[in-house]
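Novice: Residue strings, one per chain:
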Amino acid sequence: MEDSSSHLKKFQKELSAGTVSLVLLAVLGQSRQPMYGYQIAKRLEDVGEGVLAGKQSALYPVLRNLEAAGLLASEVEPSVSGPPRRYYRITKQGREVLHDWVEAWTATRDSVDAVLQGGV
Amino acid sequence: MNAPRTIAEYLKQLRAALKGADPALIQDALYDAEEHLRAELAEDPQRSEADMLAHVVSTYGAPEEVADIYRDQEIKIQRALRVPPPPKRRSALGRFFGVAADSRAWGALFYMLLSLATGIFYFTWAVTGISLSLSLSVLIIGIPFMILFLGTVRALSLLEGRIVETMLGVRMPRRPPYPSNAGKSFWQRVGAFFTDVHTWTTLFYMVLMLPLGILYFTLTVTFLSISLAFIATPVLKALSVADVISLQCGYPYWLCDNNYWPLAVLTCIAGVFMLFATLHMVRGMGKLHGAMAKSLLVRIVGEDA
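So the protein sequences, as listed, match chains A and B.
Per our numbering: the first sequence = residues 9 to 128.
Per our numbering: the second sequence = residues 976 to 1280.
Incorrect hints may appear among the rest.
[Stated by the list, open to error] Partial selection, computed: residues in chain B whose CB lies under 7 Å from chain A: (1) Asp1007; (2) Val1032; (3) Thr1034; (4) Gly1036; (5) Glu1040; (6) Ile1044; (7) Gln1048.
Calculated from the structure, these hints are not laboratory results.
Glycine included, every Cβ here is placed at the ideal spot set by N, Cα and C.
Model the full structure from these sequences, guided by the hints.
Specialist: Below you can see the structure in the form of structure tokens.
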């Protein structure tokens, strides 16, 4: 029993590591306004546990690295009620990359589904 | 470890859990955690800090979990997003010429050329700021001026960190130290500027950049121009032989003589070797400089923020 749950955990971790960049890019691609880390975390919380198998702290390094790769841009703005917040928005290059990623994701998902449904 | 009850406690535990990791990574991890925790606290001001933290441990992660995630992510994502390192070459010759395929050598070369300009700027900024702060301190505007100046020093420290990371490939913080000023009075905040060792090491770095910049720039330009000139000797000789240009021949007389071609070719080969040796040299200097920049510009971990 113990063994099978640790296998599941490992699998979930790997899945989330592979998809978290896509999900973050997609969330920022759909949003009209720039969003800050906490807001994105809450948005994903609403969607369900599936997207982020791990903890929300995993978001921030990914956001930063997407920014370093030029797919996101960010700026800090002071807020009225709380601490200063770093707002992220998607760049033009980010949109192009997102488009390619969505295609790759769809292809992967379709072929995995086909295998799981015994279509092979 | 017992559950953290305040944000400061949480951050302290996170810092302890990240002990031994890259200082730049720790600074980023602490920044992210503090931003998230403060946002969570602002979301529902009625809730007490301890309740909020109990909730956060299940969503954001306990300090040890967060530390693991950051260690993991850093390795994975850097591998995925970074330019792959140049293939390792076995032979000594391959290693010697392989430097041209290393993007770091070229980055370091441009950093060395740029360092004269940035060095002059940092030095001027630091010296002007310090002397104006000191001389204005007899007047009432001295203190605000000094605070403003130290603020720009922090911003420049982050900027130089970005330059160093891009060109020299040394991991530097991407976020400033989080302004942990909550609950402190104005004078305590001002005091923090002066007691922070980081401020003074940054100033020292800025002053040091002038002599270093001059040294880097001179060495690089000298070696670069000598090697390029050596490489160009056959061209010069060919032009001279073809009477396109007439050289005033003193020393080295062989350059104008219609014979002595082997010597010109040899000089050219020496030039090529020197060019690659120069690339090795700047890459080495870049590595040293990166290590130094890291020790002076990144806050020492464990020191109270």
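Novice: Now look at each hint and say whether the structure bears it out.
Specialist: Hints versus structure:
no. : hint    : result
1   : Asp1007 : holds (4 Å)
2   : Val1032 : violated (9 Å)
3   : Thr1034 : holds (5 Å)
4   : Gly1036 : holds (3 Å)
5   : Glu1040 : holds (6 Å)
6   : Ile1044 : holds (5 Å)
7   : Gln1048 : holds (4 Å)
Of the numbered hints listed earlier, the single one contradicted by the structure is hint 2.
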